[in-house]
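Sequences and hints are given; from them, build the entire structure.
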Amino acid sequence: MLLNIKNYIRKPETMELISYAVFPDDRSIEQAIQQYEANDAWQLYGFEDGELLVGLIGFEKMDDTLLIRHISVIPENRGLGYGRGMILEVLAQEKPARVVAETDEEAVDFYRSIGFEVHSLGELFPGVERFRCVYEAEEEEE
1 MLLNIKNYIR
11 KPETMELISY
21 AVFPDDRSIE
31 QAIQQYEAND
41 AWQLYGFEDG
51 ELLVGLIGFE
61 KMDDTLLIRH
71 ISVIPENRGL
81 GYGRGMILEV
91 LAQEKPARVV
101 AETDEEAVDF
111 YRSIGFEVHS
121 LGELFPGVER
131 FRCVYEAEEE
141 EE
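Residues in the sequence shown are numbered from 1 upward in steps of one, following full-length UniProt numbering.
Wrong hints could be hidden among the right ones.
What the hints assert, rightly or not - No more than 30 Å apart at the CA atoms, straight line, and that leaves these computed lysine-lysine pairs for DSBU-like: (1) LYS11 / LYS95; (2) LYS95 / LYS6; (3) LYS11 / LYS61.
What the hints assert, rightly or not - Here are the simulated distance ranges between beta carbons: (4) ASP49 / PRO126: 35 to 43 Å; (5) GLU123 / TYR20: 18 to 26 Å; (6) GLU117 / MET62: 17 to 25 Å; (7) ASP40 / GLU102: 18 to 26 Å; (8) LEU88 / MET62: 15 to 23 Å; (9) GLY122 / GLU48: 33 to 41 Å; (10) GLU138 / ASP63: 16 to 24 Å; (11) GLU105 / SER28: 14 to 22 Å; (12) ASP40 / VAL118: 26 to 34 Å; (13) TYR20 / LEU91: 20 to 28 Å; (14) LYS95 / ASP40: 18 to 26 Å; (15) GLU106 / GLN35: 19 to 27 Å.
It is worth saying that the hints were derived from the structure and are not from the lab.
We put the CB at the ideal spot given by N, CA and C, even for glycine.
Structure (structure tokens):
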């Protein structure tokens, strides 16, 4: 189950998860935190397994599109379905027409495995290829 953790963004376990989703330096982590604190449209949810915060997903909803800003799972729990589960819960909760994420080569297979179409954006940073991943949600039947 996803829990709103935006008010707990400065807790060490939340900051650790954010560090896995950004360039892992203090400046990048602080910039991400400030974006969540300053922007009501940016939502941040955590996924707990028992008492342990194992993952987080941060997103911004713009009209019918949900833009994933950050997603991460603690290293010892990766590959166990938590990332997929968080995306599926956000889809059910927010009901967007599409979900968009920008990522690096390391995460492309994760997005592709859950039905996202992947498009290269080229080298947006020297030596680092970036990708736009898009998932078109199916319309619900009435």
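Verification of the hints:
| no. | hint | in the structure |
| --- | --- | --- |
| 1 | LYS11 / LYS95 | holds, 29 Å |
| 2 | LYS95 / LYS6 | holds, 20 Å |
| 3 | LYS11 / LYS61 | holds, 24 Å |
| 4 | ASP49 / PRO126: 35 to 43 Å | holds, 38 Å |
| 5 | GLU123 / TYR20: 18 to 26 Å | holds, 23 Å |
| 6 | GLU117 / MET62: 17 to 25 Å | holds, 19 Å |
| 7 | ASP40 / GLU102: 18 to 26 Å | holds, 22 Å |
| 8 | LEU88 / MET62: 15 to 23 Å | holds, 20 Å |
| 9 | GLY122 / GLU48: 33 to 41 Å | holds, 38 Å |
| 10 | GLU138 / ASP63: 16 to 24 Å | holds, 18 Å |
| 11 | GLU105 / SER28: 14 to 22 Å | holds, 19 Å |
| 12 | ASP40 / VAL118: 26 to 34 Å | holds, 30 Å |
| 13 | TYR20 / LEU91: 20 to 28 Å | holds, 22 Å |
| 14 | LYS95 / ASP40: 18 to 26 Å | holds, 19 Å |
| 15 | GLU106 / GLN35: 19 to 27 Å | holds, 22 Å |
No hint from the list above goes unmet by this structure.
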